[in-house]
Each structure stands twice: as C-alpha cells, then as structure tokens.
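**Student:** The primary structure of each chain is shown beneath.
2 protein chains.
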Amino acid sequence: MMKFQFSPILPDLAAPKAEKLKAFEELMAKPEIGFFRLPTRLDLVEQTKSAYQKFSHKKVFVHVGIGGSSLGPEMIVSALGNKLKDIRFLNNIDPDYIFKQLKDLDPKDAVFFIVSKSGATAETLASFALLCDWLAQHEVGEDRFKEFFIFATDPVKGELRELAKKYSIMALEIPPNIGGRFSVLTAVGMLPALFAGIKIEELLGGASEMAKDISDKKEKHSLWTLAEHLFFQFKNNQINETVIMPYSSSLKDFSAWFVQLWAESLGKKHNLEGKTVNTGLTPIAAYGATDQHSQMQLFMHGPLNKFLFLIEIAAFENDYSLKSSFESPLFKKLAPFTLSELLKAELYGTLKALEKEKRPYAHFTLQKLSENQLGGLILFFEALTALMGQYLEVDPFDQPGVEDGKRFAFEWLERQV
Amino acid sequence: MMKFQFSPILPDLAAPKAEKLKAFEELMAKPEIGFFRLPTRLDLVEQTKSAYQKFSHKKVFVHVGIGGSSLGPEMIVSALGNKLKDIRFLNNIDPDYIFKQLKDLDPKDAVFFIVSKSGATAETLASFALLCDWLAQHEVGEDRFKEFFIFATDPVKGELRELAKKYSIMALEIPPNIGGRFSVLTAVGMLPALFAGIKIEELLGGASEMAKDISDKKEKHSLWTLAEHLFFQFKNNQINETVIMPYSSSLKDFSAWFVQLWAESLGKKHNLEGKTVNTGLTPIAAYGATDQHSQMQLFMHGPLNKFLFLIEIAAFENDYSLKSSFESPLFKKLAPFTLSELLKAELYGTLKALEKEKRPYAHFTLQKLSENQLGGLILFFEALTALMGQYLEVDPFDQPGVEDGKRFAFEWLERQV
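Those sequence lines, one after another, are chains E and Y.
Here the first sequence stands for residues 1 to 417, numbered as in the working numbering.
Here the second sequence stands for residues 1 to 417, numbered as in the working numbering.
Worth flagging that the hints you see were computed from the coordinates, not collected in a lab.
Be aware that one or more of the hints could be misleading.
Note: identical chains are not told apart, hence a pair may lie in one copy or across any two.
Unchecked claim - Below 27 Å or equal to it, Euclidean Cα-Cα: the simulated BS3-like pairs (lysine-lysine) are:
(1) 323 - 157
(2) 83 - 59
(3) 85 - 103
(4) 157 - 333
(5) 356 - 269
(6) 103 - 368
(7) 108 - 323
(8) 323 - 166
(9) 165 - 368
Please take these sequences and the hints and turn them into a complete structure.
**Tutor:** What follows is the structure, encoded as structure tokens:
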C-alpha cells in the first residue's frame with residue numbers, strides 16, 4: 001500500500017468532525033455516484049475482455065475521445081503499457097494532427113474505439129464521421145462498420161447507442177453513475193489497457209484495496225489528513241494552487257489526468273446552495289526531476305500559494321551506474337551512485353528545500369510502478385477530489401461552465417452557412 | 001505577421017511611460033542579454049549546419065538535456081518536424097524511461113547531442129556518463145566518442161568544454177549572453193530542427209522580423225499593450241495566473257516551453273533592490289479544443305484570477321469534411337462543416353463565453369503554422385517575459401531558487417556512501 005508523509009511545517013489539526021465523515025460515507029454510497037464502488041463491478045470487466053478478444057488480432061488500436069474520455073486511458077497506457085501494440089489517441093480535432101495519425105494507417109490493421117459518455121460529444125462524433133468517410137475512401141462500407149469500431153457510451157441513451165444498434169457495432173457500457181472524468185477504470189480505460197498488455201484485474205484490485213482502506217480507517221486515513229490540511233490552508237488564503245509532481249517520466253500523463261479531474265470537479269461558480277462563489281484550486285502539472293529545471297524556481301521562490309503533491313517511486317525496474325573515468329569534479333561526485341539514486345536524491349533535496357522555504361507538501365511513495373499501486377493512486381485522487389468538493393461545498397460531478405462555449409460555437413457555425 | 005486582439009472587457013489604459021520604453025530598449029541592447037539580437041547571428045547558423053552535415057547520415061538523433069536545454073527543441077520539433085528521422089529526447093533521469101529509449105537502439109545509427117549551457121548540469125552529465133558506459137558495452141571506446149557525440153555548451157567554460165577538447169568531440173557554442181531557457185534559437189534547438197527537416201533560416205527570419213517590429217513600433221506594439229494589461233491587472237490583484245492555450249495539437253509543447261520561460265523568469269523571491277517580494281504569475285499550460293473538456297470549467301467558472309492567451313492557426317494544411325448520412329441531430333448539425341471550421345468555432349465560442357464571464361484574454365492569430373510564424377511567436381514570448389520582468393522589477397535571467405534543492409540533493413547522496 002502507498003505511503004504518505006506530510007511536511008513537518010504543517011500545523012497540527014483537530015480530527016475532522018464526525019458529521020463530515022458521515023456525509024462523505026453517504027456520498028460514496030449513493031447510487032448515482034459510482035466511482036468508489038466501481039472496482040468491484042466484475043461484470044464490466046468481462047464485457048471489456050470479450051471486446052478485446054474479438055479484436056486482439058488488430059495491430060493498431062485507435063482511441064477516439066476528448067477530455068475525460070481520453071486523459072485516463074492516455075495516463076494508464078503511458079504509465080504501464082508494454083508498447084507491443086501501436087496505440088494511438090485521437091484526442092483533439094486538429095486536422096493536421098488527425099492527418100498525421102491516419103496517413104500511414106491501413107484500415108485492415110486498425111480498430112477504432114469511439115468513447116463518449118453522453119454519446120453527444122461534438123468533437124468525438126465529428127471524428128467518427130470523418131473516420132466513416134475515410135473508411136469509405138478505403139472501400140469499407142456501412143455494412144462492415146462492426147469490424148472496425150467499438151463504442152463506449154451510456155447503456156441506454158445517446159446518438160452512439162442508436163448507431164451501435166443500427167450497424168450492430170459492439171458498444172461497451174459506461175455506467176450512468178460514472179462521469180467522464182471518473183471513467184478511467186471502466187471500459188474507457190480498461191480496453192486500451194488490455195491492448196497495452198496491462199493486467200486490469202490487478203489495477204482494479206489496487207483501486208479496490210484503496211477504497212477499502214479509506215472505508216476501514218475512516219478519519220484516520222491520510223485522505224482526511226490531506227483534505228483537512230488543504231482546506232485549512234485554502235480557507236485561510238494560504239494556498240489557491242496545487243502542484244502534482246511525480247518523479248517519473250511514466251507518470252507525466254498522470255499529472256495531466258489529475259489536472260482535469262481537479263479543475264473540472266472543483267472549479268465552480270456556484271456552491272451547493274446556489275450562491276456565487278467562483279471557487280476552485282488551480283491544479284498545476286509537473287514532473288521530476290525535469291521540472292526542477294523549469295517550474296521549480298516559481299514553486300520555491302514565487303508566491304506562497306501552492307501545496308505540492310510529490311510522488312516517489314521507491315524502486316525502478318532498470319538502473320544505470322554513473323561510474324566513469326572522467327577526472328572533472330562533478331563526474332567524480334556522481335561516480336559512486338546510480339541514476340535512480342540521483343533521482344531520489346533530487347526528490348529528497350527538493351523536500352528539504354521546500355521545508356526551508358515554508359512551502360507545504362504531501363509526499364506519496366509507491367513501492368514500484370505496478371498495476372496494483374497505480375490503481376490505488378487513481379482511486380485515492382478520485383476520492384480526494386470528491387472529498388474536496390464536500391469541503392468546498394460544490395458539486396464535484398457537474399461541469400456547467402463549458403455549456404456557453406459550446407452554444408456560442410454552434411451559433412458561430414450557423415452564421416457561416 | 002501575427003495578429004493580436006484583446007478582450008473587449010479590458011479597460012483603456014494610458015500609453016506606457018517613455019522611461020519604461022527606454023529602459024526596455026537599453027535592456028535589449030545590453031551585451032550580456034543576447035536573445036533579442038540572436039536571430040542575426042549567422043555565424044552560429046553556419047556552425048550548426050556544419051554539425052548537421054557531418055552527422056546527417058545517422059538515422060536516430062538523441063537530444064540529451066533537461067529544462068531549458070530540452071523544452072525548446074521539443075517544442076520546435078513537435079510543431080514543425082517532418083518525422084522522417086527518429087528524434088528522441090532524454091530529458092529526465094528516470095532509469096525506466098532511459099531504458100525504453102535505448103533498448104532498441106543500435107549505436108551505429110545514433111548521434112547523441114549533449115546540451116548544457118554551464119557544462120555542469122548534474123542530470124545531463126549523469127546521462128552522458130551512462131551513455132559512455134552503454135557505448136563501451138557495445139564495444140565503442142573513448143577513441144571513437146567523436147563519432148557519436150556532439151556537445152552544445154559555453155564556448156570557453158565548463159566540464160563539457162574540457163571533455164570536448166580531450167576527445168575531439170564537436171562542441172557547438174551557446175553564447176554566454178543566452179541563458180538556457182532563452183536558448184531555443186541557438187544550436188540547442190537549431191540542430192535538432194535540421195534533423196527534423198525544419199527550415200531554420202525561415203524560423204530565425206520570423207524571429208528577426210518580430211524583433212524588428214517590436215523595435216520599430218515601440219510602445220504602439222501589442223507587446224506593450226499586453227504587458228500593460230497584465231501588469232495593471234496583477235498589481236490590482238485581479239490576476240495571478242496566465243493560461244496559454246493554442247488551438248493546435250502541434251503547439252501543445254509550445255505551452256510547456258512557455259511555462260518554463262515564464263515560471264523560471266518571473267517567479268522570484270527578491271526584487272532588483274533585494275527586497276523579499278515572493279512574486280510571479282503562475283503559467284498554466286493548456287491546448288484547444290482538448291482542454292475545453294478539461295481545465296476550461298475552472299477557467300470559465302473558477303476564481304477570477306486568470307488572464308488567457310489563446311493562439312489561433314488561421315489555416316491548416318489538411319482538413320476533413322464532416323458530411324455523413326447519419327440521421328441524428330448532432331450529425332446533421334455538423335454535416336455542412338469541416339473539422340477546421342469546428343475547431344475555429346470552438347475557439348470563437350470560447351472567446352465569447354470568456355467575455356460573458358468577464359475573463360480577460362489576448363487572442364493571437366498565426367496565418368499558418370510555418371517556420372516564419374513560429375519564429376515570431378517564440379521571439380514575442382521571450383520579449384514579453386523580459387518586459388514583464390521589468391514591470392515586476394525582478395531579474396528575469398537568473399534562477400536562484402533551485403540552488404538549495406541541488407545542494408541538499410548532493411548532501412543526501414553523500415550520506416548514502
């Protein structure tokens with residue numbers, strides 16, 4: 001299980017009130033909030049595996065989705081994928097980018113996984129339309145769509161569900177009680193994970209263990225300690241930004257996934273009572289050691305408004321000796337060590353410097369980057385997001401702030417006709 | 001030349017004072033500040049080209065650097081690279097990541113470009129040491145280093161310069177008056193650009209045109225308008241975060257480059273008089289349309305503390321029709337348009353929604369994503385960063401906040417022996 005340490009500069013806080021704990025437990029048990037109990041939905045795993053078996057002969061898996069439908073799978077594949085299959089993400093509607101993804105692709109090698117919870121995401125349906133046209137140019141007609149597409153969408157509603165019926169396309173279920181940004185452990189993330197050679201039962205097992213640990217330890221779990229510290233500092237105007245910084249290139253995309261989860265869940269105009277609050281904690285993506293040569297100057301010496309989450313991988317699979325025969329001082333200093341020791345030293349040096357500069361942090365340690373540990377990390381940050389929603393008194397499961405932009409976009413289009 | 005538009009919600013401001021303009025002109029002309037005049041250094045271009053000619057037969061170009069030594073080249077290659085050569089970046093000291101980059105590599109195909117301005121970057125020298133060891137395992141000895149390595153470093157100082165002499169390794173010059181995060185238009189970025197098929201004279205030409213435009217238009221240039229708006233809002237506590245959001249997947253890494261430039265240049269503990277100020281504007285990387293399904297909820301409805309820079313590409317090289325025969329409402333709505341029209345509509349919809357929500361923005365338009373336009377964009381943001389340093393009264397060219405972390409890291413290592 002993951003380890004947690006908090007900066008020694010953080011104050012001692014009283015335990016969270018019993019009613020807060022009860023409210024969170026009730027929220028996690030609500031039928032319409034599914035993510036906390038998701039890892040036990042073995043029926044969904046079977047559905048995903050049968051889709052994989054049907055298409056496992058395909059050499060190229062193309063994931064088509066945007067935002068929460070894509071950031072989760074990108075994160076899992078880049079953290080744990082074995083790179084044996086070619087996995088591509090059509091996660092934007094930039095035509096030059098789509099051209100690059102399609103230009104060397106032979107349709108017979110490819111399966112396209114079209115992901116939209118609502119079945120009504122304009123970007124994703126636009127990509128589906130152009131892929132149908134692209135297939136037609138390669139002499140694949142509607143009657144053969146079922147050989148090239150898999151959908152993931154709401155089990156009943158939406159335009160994708162209708163198309164799936166019409167063309168007998170396999171359509172996996174995103175449970176109605178799981179929003180897009182909480183969907184990584186559904187078929188949305190698990191199907192690409194299977195193509196990337198990832199052991200999905202172990203990933204879900206790790207998430208399940210974390211959910212159980214949170215339920216068992218109640219207010220003694222570090223989840224609560226962290227939420228209390230974050231809220232205490234936030235309400236006293238000591239922080240308004242949270243930095244996520246794994247010391248691992250494989251977890252760079254984990255930061256991007258977290259950014260969406262945190263920004264879209266907590267950045268809200270109205271609180272639960274309908275009062276205008278314009279609240280939220282800005283998430284900042286970083287990764288070590290690279291960002292020690294980039295954003296760290298700002299984190300260390302800029303405004304005192306950041307809380308850092310630093311993630312350590314205790315053991316890597318590979319390592320390199322830094323021995324050399326070069327005479328110069330720095331090479332001699334490095335020679336007794338390995339690369340992973342240098343990486344760890346940089347993390348520990350940063351923790352100490354953060355303490356000196358009075359910048360609060362939480363330090364997470366995974367024993368190694370495994371399915372089990374990553375599953376736990378995912379569930380932990382999902383739960384933290386939901387809990388912070390409770391502290392900030394906002395709905396962490398909606399996203400009303402993007403509706404105006406969508407409406408204005410279609411108005412602009414209609415004026416072009 | 002790039003176009004600039006500012007949100008109609010921004011107030012009218014008086015022109016900047018003459019002494020501010022004079023101080024900036026003097027700063028840009030200082031011998032120790034080189035980036036503004038860099039695009040005219042044709043001698044450096046010739047040096048880079050000769051390195052390219054010598055190694056152009058190599059199939060794999062491996063760039064080894066961290067922070068400013070890597071983010072610039074990554075940005076240029078991903079924006080404009082033709083993907084004909086295999087270009088890899090060793091931009092971190094994660095041993096599993098390095099293993100993945102090296103495992104399928106045949107030394108005879110590869111050239112390693114080792115980049116460190118100071119010649120004393122621990123991560124980069126560590127990577128160099130392990131690469132020497134890796135070459136030795138492939139029976140390449142010290143006598144043949146010059147066939148596998150190119151350096152970029154200070155023309156006189158540092159450990160890399162010494163090694164270059166000892167082993168007759170070609171070592172390109174990073175001019176002493178160019179800091180790492182301003183080095184993208186030196187050999188640091190231009191050598192990988194040549195391997196990626198990028199026309200570097202046009203890139204430098206675009207940068208040069210932008211520098212001339214800024215010098216010619218003086219306080220009438222949008223550079224000044226933007227800086228005035230940013231500073232006005234910052235000093236009145238209306239903003240403390242700047243979002244950079246190109247509507248282009250190819251410019252996703254441009255955002256990462258900007259983040260380093262802005263964070264490391266402006267995030268400072270002390271002002272020029274030595275007073276403790278803990279200042280800086282937090283840069284936030286985003287890209288459209290993808291982030292409309294991620295961070296946009298926070299930008300639109302969260303705290304009113306953000307100034308957005310939105311970058312439009314007016315014309316793409318490729319495009320796709322969204323026509324389809326599907327009956328459902330959203331497909332019918334999309335059918336008359338192309339993908340690039342949808343992308344543009346989303347940008348214009350976002351601008352309108354930002355106005356409604358009273359979120360300030362600047363809207364940049366490039367005619368297309370070309371060498372010339374990208375060169376101009378780079379120089380513009382470098383100049384804006386230097387100018388904002390002047391407004392905030394900090395030194396935008398140092399980074400003292402990362403020294404403690406380095407020192408503590410080596411102390412930690414020494415305790416492990």
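**Student:** Determine for every hint whether it applies to the structure shown.
**Tutor:** Results for each hint:
1. In this assembly of identical chains, the alpha carbons of residue 323 and residue 157 lie at most 27 Å apart only when taken from different copies (23 Å versus 61 Å within one copy).
2. In the homo-oligomer, the alpha carbons of residue 83 and residue 59 lie at most 27 Å apart both inside one protomer (11 Å) and across protomers (21 Å), since each shortest distance falls under that limit.
3. For the homomeric pair residue 85 and residue 103, the shortest alpha-carbon distances inside one copy (18 Å) and between copies (17 Å) are both at most 27 Å.
4. With identical chains, the CA atoms of residue 157 and residue 333 are at most 27 Å apart between copies only, with a shortest distance of 19 Å across copies and 63 Å within one.
5. Taking the closest pair of Cα atoms, residue 356 and residue 269 come within 27 Å of each other only across two copies (13 Å); inside a single copy the shortest separation is 36 Å, beyond that limit.
6. Proximity of residue 103 to residue 368 under the C-alpha cut-off of 27 Å is restricted to the inter-copy arrangement: shortest distance 21 Å between copies versus 38 Å within a copy.
7. Taking CA atoms no more than 27 Å apart as the test, residue 108 paired with residue 323 passes between copies only; the shortest distance there is 23 Å, against 49 Å inside one copy.
8. For the homomeric pair residue 323 and residue 166, the shortest alpha-carbon distance between copies (18 Å) is at most 27 Å, but the shortest distance inside one copy (64 Å) is not.
9. Neither within a single protomer nor between protomers do residue 165 and residue 368 lie at most 27 Å apart by alpha-carbon distance, with minima of 43 Å and 41 Å respectively.
Consistency note: the structure conflicts with earlier hint 9 alone.
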